[in-house]
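Listed below are the residues making up each chain.
Number of protein chains: 6
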Amino acid sequence: MNTKPLRASVSRHAHFNAAHRLYVKTWTDAQNEAQFGPCSNPRYHGHNYELIVKLTGPIDPVTGYVYDLGTLSSLIKREVEARLDHRNLNEEVPEFFDRVPSAEFIAVAIWKWLRPHLPVHLDLHITLYETPRNFVEYDGAQ
Amino acid sequence: MNTKPLRASVSRHAHFNAAHRLYVKTWTDAQNEAQFGPCSNPRYHGHNYELIVKLTGPIDPVTGYVYDLGTLSSLIKREVEARLDHRNLNEEVPEFFDRVPSAEFIAVAIWKWLRPHLPVHLDLHITLYETPRNFVEYDGAQ
Amino acid sequence: MNTKPLRASVSRHAHFNAAHRLYVKTWTDAQNEAQFGPCSNPRYHGHNYELIVKLTGPIDPVTGYVYDLGTLSSLIKREVEARLDHRNLNEEVPEFFDRVPSAEFIAVAIWKWLRPHLPVHLDLHITLYETPRNFVEYDGAQ
Amino acid sequence: MNTKPLRASVSRHAHFNAAHRLYVKTWTDAQNEAQFGPCSNPRYHGHNYELIVKLTGPIDPVTGYVYDLGTLSSLIKREVEARLDHRNLNEEVPEFFDRVPSAEFIAVAIWKWLRPHLPVHLDLHITLYETPRNFVEYDGAQ
Amino acid sequence: MNTKPLRASVSRHAHFNAAHRLYVKTWTDAQNEAQFGPCSNPRYHGHNYELIVKLTGPIDPVTGYVYDLGTLSSLIKREVEARLDHRNLNEEVPEFFDRVPSAEFIAVAIWKWLRPHLPVHLDLHITLYETPRNFVEYDGAQ
Amino acid sequence: MNTKPLRASVSRHAHFNAAHRLYVKTWTDAQNEAQFGPCSNPRYHGHNYELIVKLTGPIDPVTGYVYDLGTLSSLIKREVEARLDHRNLNEEVPEFFDRVPSAEFIAVAIWKWLRPHLPVHLDLHITLYETPRNFVEYDGAQ
Numbered sequence: 001m002n003t004k005p006l007r008a009s010v011s012r013h014a015h016f017n018a019a020h021r022l023y024v025k026t027w028t029d030a031q032n033e034a035q036f037g038p039c040s041n042p043r044y045h046g047h048n049y050e051l052i053v054k055l056t057g058p059i060d061p062v063t064g065y066v067y068d069l070g071t072l073s074s075l076i077k078r079e080v081e082a083r084l085d086h087r088n089l090n091e092e093v094p095e096f097f098d099r100v101p102s103a104e105f106i107a108v109a110i111w112k113w114l115r116p117h118l119p120v121h122l123d124l125h126i127t128l129y130e131t132p133r134n135f136v137e138y139d140g141a142q
Numbered sequence: 143m144n145t146k147p148l149r150a151s152v153s154r155h156a157h158f159n160a161a162h163r164l165y166v167k168t169w170t171d172a173q174n175e176a177q178f179g180p181c182s183n184p185r186y187h188g189h190n191y192e193l194i195v196k197l198t199g200p201i202d203p204v205t206g207y208v209y210d211l212g213t214l215s216s217l218i219k220r221e222v223e224a225r226l227d228h229r230n231l232n233e234e235v236p237e238f239f240d241r242v243p244s245a246e247f248i249a250v251a252i253w254k255w256l257r258p259h260l261p262v263h264l265d266l267h268i269t270l271y272e273t274p275r276n277f278v279e280y281d282g283a284q
Numbered sequence: 285m286n287t288k289p290l291r292a293s294v295s296r297h298a299h300f301n302a303a304h305r306l307y308v309k310t311w312t313d314a315q316n317e318a319q320f321g322p323c324s325n326p327r328y329h330g331h332n333y334e335l336i337v338k339l340t341g342p343i344d345p346v347t348g349y350v351y352d353l354g355t356l357s358s359l360i361k362r363e364v365e366a367r368l369d370h371r372n373l374n375e376e377v378p379e380f381f382d383r384v385p386s387a388e389f390i391a392v393a394i395w396k397w398l399r400p401h402l403p404v405h406l407d408l409h410i411t412l413y414e415t416p417r418n419f420v421e422y423d424g425a426q
Numbered sequence: 427m428n429t430k431p432l433r434a435s436v437s438r439h440a441h442f443n444a445a446h447r448l449y450v451k452t453w454t455d456a457q458n459e460a461q462f463g464p465c466s467n468p469r470y471h472g473h474n475y476e477l478i479v480k481l482t483g484p485i486d487p488v489t490g491y492v493y494d495l496g497t498l499s500s501l502i503k504r505e506v507e508a509r510l511d512h513r514n515l516n517e518e519v520p521e522f523f524d525r526v527p528s529a530e531f532i533a534v535a536i537w538k539w540l541r542p543h544l545p546v547h548l549d550l551h552i553t554l555y556e557t558p559r560n561f562v563e564y565d566g567a568q
Numbered sequence: 569m570n571t572k573p574l575r576a577s578v579s580r581h582a583h584f585n586a587a588h589r590l591y592v593k594t595w596t597d598a599q600n601e602a603q604f605g606p607c608s609n610p611r612y613h614g615h616n617y618e619l620i621v622k623l624t625g626p627i628d629p630v631t632g633y634v635y636d637l638g639t640l641s642s643l644i645k646r647e648v649e650a651r652l653d654h655r656n657l658n659e660e661v662p663e664f665f666d667r668v669p670s671a672e673f674i675a676v677a678i679w680k681w682l683r684p685h686l687p688v689h690l691d692l693h694i695t696l697y698e699t700p701r702n703f704v705e706y707d708g709a710q
Numbered sequence: 711m712n713t714k715p716l717r718a719s720v721s722r723h724a725h726f727n728a729a730h731r732l733y734v735k736t737w738t739d740a741q742n743e744a745q746f747g748p749c750s751n752p753r754y755h756g757h758n759y760e761l762i763v764k765l766t767g768p769i770d771p772v773t774g775y776v777y778d779l780g781t782l783s784s785l786i787k788r789e790v791e792a793r794l795d796h797r798n799l800n801e802e803v804p805e806f807f808d809r810v811p812s813a814e815f816i817a818v819a820i821w822k823w824l825r826p827h828l829p830v831h832l833d834l835h836i837t838l839y840e841t842p843r844n845f846v847e848y849d850g851a852q
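Chains as they are written, first to last, in the working numbering: chain P, 1 to 142; chain L, 143 to 284; chain D, 285 to 426; chain W, 427 to 568; chain G, 569 to 710; chain E, 711 to 852.
Excised from the complex, chain P in its bound form:
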């Protein structure tokens, strides 16, 4: 084994459920219906979101850890679940007062909430299942 640390990824699942609707405030109802279909229902619908947070970086040669997954789990509870679980995303989460709570933008919000609390030398990648059949990924890229 050489002395340069090996690089690996570690991932942790979490979950939350929430109500939302997809609509653009400045559009007419007809425009929203045309774009978002039943997802624009003004009385909301909801999902069980399944979240996977992945961190990539060097393996600590002593502990064998890239990052402690127990710590990561606590961080997700505090920064993500406390904000989103059992919430109405449009009405109760400031990030979506003026932004469509699409799965893409929810993933972006999660990335932004977690990023400042993680070591800078670790890459952060978010996977978010809106349903078991639809999911999105975001890693901070522009």
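All the pointers check out, no bait thrown in.
35 Å max Cα-Cα, derived DSBU-like pairs, lysine-lysine: (1) K309(D) x K593(G); (2) K361(D) x K451(W); (3) K645(G) x K254(L); (4) K735(E) x K451(W); (5) K167(L) x K503(W).
Please keep in mind that the hints were generated in silico from the structure rather than gathered at the bench.
Add chains L, D, W, G and E to chain P, keeping to what the hints say.
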């Protein structure tokens, strides 16, 4: 093989997502919060519901079918998904205007919607996952 | 703990894949198409079948076993997988030369193959997933 | 709707991981190896156990609940996970000091731990996955 | 938030089932058997294929979408499922008249069918499960 | 189709179960408890590990294969499962006599065992689930 038909079960998965809140209209907010916790959030939360409809009865000796699962799938779309998918259960589904939309009562409602459209000689059993970790079952029993 | 043995169930997953078509030999093509739709395609289609074999009976108080799942796994390999895996059910499996290879009848065949090799004091229950969304069950009932 | 309460089942998933070995103390190593194969490894092996606790009984007509799944989840944490999670079953769990920690007997132990804390009018059924491919069930039957 | 669009991926699950056999027309039966084993069975076998289509590109700042997953689902139905579902790949799908319908080449075919119908600024990545235990990926790379 | 081979990935699932504990030999018990919590239990705990081995490289234009998954499955059995399945990682696997058997280092060990037996032109990527909620990845990177 004897001439008495063999008995088997056939099951079909379906899914829908919806918003709801759990609360009893005649209770105070504090009572609802005490009983239902964050599930009583007045601004709603939501789930991806996963539904399994099981029919039990004789196997037709010619077709090899207990019941055509394509027909069952269409029936579920018409009687269940059309009523519940992308809906607010409390505000848009009459069964829950005066009844808590708990997973148990949603399963009861689904059973009642499907039962009249299925042959009387088939038993009907409903399994409903509210989350991947919580599920209920109902088969018409009292 | 009293001396009467406790009763429990043990289950084992297995899997195989196969080609089949659903059709009744004595029917016309139009009748088969009307009954079975694309499942009657004369050139076959196929599935990954997922099988769950459940045995119910007394727990041996010394070994803690209802039945050895390693033994059950070997039995499934010999009696079920050897007959069905990578096979054309209509053309290569005698049970389906004159019988529709519906999921129901495949489950019945599996039950009949396994039953003679298992202790008579154990109940046998078959669950067979034809797809992740469709499954059947058979336990020998008439 | 008549006045007799409807009966339904509610289920909750939980999980824990543990080390164990399968062996009978009064047997020779050769006997244990013959009966349990690699599961009798004296240095232990381990599993992620997946637990499903099902309760069956009347639906409360006001709350729509058979039993509060949040309460059930807390009960499982206290009575089951606290005893089994991250444990060596043979050495640290008294129920298995003189009894093989087979999946069957673990399910029996879980049933016995939970039963006194649940209302007597509810039936209790335990499903325990030892691996994603092997599982057992116990409901108190003899 | 800066004005350069954020980049994310969106993915959609779909599925189809089909029969196939793996063999090279210009090889002898013995060569095919040696290379492909039971997968070369001349009477075919089959699978439930699970497909994941991933698109990567900028998030539309107004709709919050990389691409509409409802549109993607319809496109998959028309371009992929209509060609493959309930088919015999070797005999009914021209792409495999002279090419082994391995999972790899099925993924390549799916990529080629979808690519012309998707915006050029989106990257396309195909994941195809042939069984729950085997899967392939293709993204147009050479 | 041009003559340069297409590049794809093929993946195979496998699984094993094992006991382990996380601790650094040169640390005190208190240090280990502080770092690893219940995972440092001196009497061990265990997991069902789920392994995914991915190979990336050119598709053979004749066989349609990147690599034969049957061969890969046999290789995993011989090089990985034979070393790890039903083992105590700390006491029976030399790689972990002086190294923490964290999921990260188990993935590294698997990569090192498999790499010499695979063609050099194929990239190797390891995914290892320690539980259904925690997983790691390693591809040889430094």
